[in-house]
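Residue numbers (the working numbering), protein chains in the order written: chain R, -16 to 342; chain U, -16 to 342; chain S, -16 to 342.
It should be emphasised that the hints constitute simulated quantities derived from the structure, not laboratory data.
Honestly, I wouldn't trust all of these hints.
If you want a taste of the chain S side facing chain R, the calculated C-beta under 10 Å gives, among others [claimed, not checked]:
hint: 1; residue: Gly38
hint: 2; residue: Ala133
hint: 3; residue: Ala137
hint: 4; residue: Ala146
hint: 5; residue: Gly150
hint: 6; residue: Val154
hint: 7; residue: Thr158
hint: 8; residue: Ala262
hint: 9; residue: Tyr269
hint: 10; residue: Asp270
hint: 11; residue: Ser273
hint: 12; residue: Lys274
hint: 13; residue: Asp278
hint: 14; residue: Gly306
hint: 15; residue: Ala327
hint: 16; residue: Gly330
These numbers come from a predicted model, not from an experiment.
Using N, Cα and C, we set each Cβ at its ideal position, and we do this for glycine too.
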Amino acid sequence: MLAARDDIARGTDDVLVVYADIPLIKGATLAAMRSELARGARVVALGFRAADPTGYGRLIECDGRLVAIREHKDASVEERASALCNAGPIAFSGAEALSLLEAVTPDNAQKEYYLTDIVEIANARGFIARSLTADEKEVMGVNDRAQLAAAEAALQDRLRRRAMAEGATLVAPETVTLSFDARIGRDVLIEPNVVIGRGVTIEDGAVIRAFSHLEGARVASGASVGPFARLRPGADIAANAKIGNFVEIKQAAIEPGAKVNHLSYIGDARVGAGANIGAGTITCNYDGFSKHKTDIGAGAFIGSNTALVAPVTIGEGAYVGSGSVITKPVDADALAVARGRQEARAGWAKAFRAKHKKG
Amino acid sequence: MLAARDDIARGTDDVLVVYADIPLIKGATLAAMRSELARGARVVALGFRAADPTGYGRLIECDGRLVAIREHKDASVEERASALCNAGPIAFSGAEALSLLEAVTPDNAQKEYYLTDIVEIANARGFIARSLTADEKEVMGVNDRAQLAAAEAALQDRLRRRAMAEGATLVAPETVTLSFDARIGRDVLIEPNVVIGRGVTIEDGAVIRAFSHLEGARVASGASVGPFARLRPGADIAANAKIGNFVEIKQAAIEPGAKVNHLSYIGDARVGAGANIGAGTITCNYDGFSKHKTDIGAGAFIGSNTALVAPVTIGEGAYVGSGSVITKPVDADALAVARGRQEARAGWAKAFRAKHKKG
Amino acid sequence: MLAARDDIARGTDDVLVVYADIPLIKGATLAAMRSELARGARVVALGFRAADPTGYGRLIECDGRLVAIREHKDASVEERASALCNAGPIAFSGAEALSLLEAVTPDNAQKEYYLTDIVEIANARGFIARSLTADEKEVMGVNDRAQLAAAEAALQDRLRRRAMAEGATLVAPETVTLSFDARIGRDVLIEPNVVIGRGVTIEDGAVIRAFSHLEGARVASGASVGPFARLRPGADIAANAKIGNFVEIKQAAIEPGAKVNHLSYIGDARVGAGANIGAGTITCNYDGFSKHKTDIGAGAFIGSNTALVAPVTIGEGAYVGSGSVITKPVDADALAVARGRQEARAGWAKAFRAKHKKG
């Protein structure tokens, strides 16, 4: 802490010590610690009532004041009988913080500095120290990957409950992964097995179907995504648009009512309102060096299995024949077809099979 | 209830009152309530023994008869000591139903009609009223989205257990979502992370691999679906057929032993017995106005990345070259190829890279 | 057991009896049973302390020695008070095994041979019999599919904890399915909803993103797989290579730094270091009879929606235009394009719509 001596010396505000291995602590708890400082305490330690206190340091109280934090091994039998344990986080009044910290010495068997000594130092100076109690789950420590997963599970439970309380329907909340910053509107329906990554906004009444994966995307009211859809950063799905299965959208605006229903990659593109993108359509946005843009006009129809080689523009209401490779702009209301001519050889398949059966 | 006065007045059958917010109630429980009516009771209320009865109305019994249903706040200390709570559902003898309902009055502090008053009214008339007890979980009430999810989880648990009891193997049942009407045969294997929506039939010995999503589909004996397959309504997967990854089937018959193994969309189609559909095959079934049919004969071979522009017919045993766009019928046993001619420019790529590195 | 009389008669080693319906028993437990034999016991039975012992046979001990195994129905009130139950597995000293087995007779009401009689026979001969205790979960019996799923869940819990203890981060371990033989390195990150089948090796620092499915594959350090990726047997993903969404890799080497980002099928292939495979690329590896190989050189660029008709070779640094069907070899550093010519008909789409609106 003294590495921050210059900042602490300013003494202009409360100093709170929190730990990276206690990731579930709530803002409200930190605010409550500051409130105690505002009410006159100079030191506020956070505790919890442990189901099994063995091994934890204890908060020692007397007449409602915190008088010491005692390591388990140093605690008396009487002190050990208490289940009020030290959670770690501690707050100091800014005016006293530096002076208290400087009074901590390594005069102990381990020759270490114990931040917890500050409680006794404060008491010796006649300052008030107090404790606050948090739920044990909120201050669980993470010491290994299994505990990290348990903390993540606790956070997910919190995030799912918040989303439901705010009006989203999660059919199977235990199968939905939510980022802390997910913004999910009212009457949104989220089916099972969905991952919502960072920076996602889902507006009122949108539907996210099973096996969908969203990051950095917006889904507007009335839009439907999935099953098996992937929205990558910059995917902007407008009202009543529809993104279907095995579809990837990246840095693309899918305008109102447009449909990308199957097996497509739409990247660096605009798909105009009401346009229909056939199954297997690929925007060829990358040439090995740069990304190029595809612009599809409102009401356009892109036949299935089409490659749109960017940069390219498809005009409003234009029609692209299935299986085309489009490299040149298509005018509004025009038809474009770019495919090979179909040729046939009668009986060839029969002969081919016969040859292989012999071989 | 009196909105249904005309129907109730007929008095021809038992009247059961059930609540939309108690979705897990079983048919067997309702049948048991009717049995009590058949045995002479005129009113039958459903109760449950609450783990924590605080706040619930109580069923007040005397000598095996139900004498009243008392709101928690109106119950005596003695009555509150009982954990037998009112679940809500109630049944009346059809002959008495209307007369009992009409006797309910809003003569109380709240000026409301309490259906539960009927128990005391019936007793006053000398009728027998009784209670039946259900499991607390079966009559859990749904008041918010978190409780709705809990009810769904309880239902899923019931459905999964039923499927296993009937002979299906669910590797990780807690990851499988089942519709109430799923028909799942014996020795079916369902891998983790599968969603079975409405109207699905899976016959004996079929395999549904991980990350599959089925709705309105049939999967016959010996067929295999997934991983990452989506069967939409009308998908009919015949015996020993195989549907692989990133494949969508809609309104299509996949006949015995046919294979659609990868990255395909097969809609409004028939795939004949033993046919092989290459990776990336798309049936182009929609022209922006109508859906058209693709018919693929038995034993046909469709090369990869082929677009079949419907309506179109591929004859039995025909062979379609990879990367083709097929717009005209292909005769049985014939070869059809429809692709561009390959052209090369030596050194072009090297020059292209050199230009970009300079730029 | 006497079906194995000839082998048991050799008497050269310990004989352990284990049951197929107790699948979670650990090697360490079997080793501990052998240690007891090595310390002088001739018979060692495995027990567990049952939460609810009703119905289980009891291990009857006296002065630290096992004197009998008693069926629940034959046990005295005193014996039933003990929660030490018979788990089933039992071990014999090899020298005595056959003689003990032959002494078992069907002289009982059921006229059946009880293997458990051996404990009393051994005691009658003055041999030492002992019991060892396992955790109840470890020796849970599987009698139906629901119990099989519970055993699988217990095994998965064990496998996930092992992977985390060995240094992998599982964001949501409860959604990850692991094969018993999965080899997972340090600082591997596994996102939610992943299935790891048999024969998978994931090296240090690799990332497996959500909704991925791996079998028989290797993922090297720094490589990234998914979301929505499927690695089938023979997929070998080298260092820093990247496999993206809706991609299937089968029997293919993806060399260092190569990318297959979207909607592709790469089978029976080599993708050279640093090559870039565009969205929708399909290796057409099967002609209906044989599988053929695709060889893509280092640094090659395959444009999107390309079909590579195997056997075919793409030279180092070559460039294939989007939407091509490649059937002939492409030289190093060359450009190859194989697509139809784009044709346009002005106003066609407008007329097409007008016609359909009339109709």
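These are the hints, each one checked on the structure:
| no. | hint | verdict |
| --- | --- | --- |
| 1 | Gly38 | violated (32 Å) |
| 2 | Ala133 | violated (17 Å) |
| 3 | Ala137 | violated (16 Å) |
| 4 | Ala146 | holds (9 Å) |
| 5 | Gly150 | holds (7 Å) |
| 6 | Val154 | holds (6 Å) |
| 7 | Thr158 | holds (7 Å) |
| 8 | Ala262 | holds (4 Å) |
| 9 | Tyr269 | violated (12 Å) |
| 10 | Asp270 | holds (8 Å) |
| 11 | Ser273 | holds (8 Å) |
| 12 | Lys274 | violated (13 Å) |
| 13 | Asp278 | violated (19 Å) |
| 14 | Gly306 | holds (3 Å) |
| 15 | Ala327 | holds (5 Å) |
| 16 | Gly330 | holds (6 Å) |
Of the numbered hints given earlier, the model fails hints 1, 2, 3, 9, 12, 13; all others are met.
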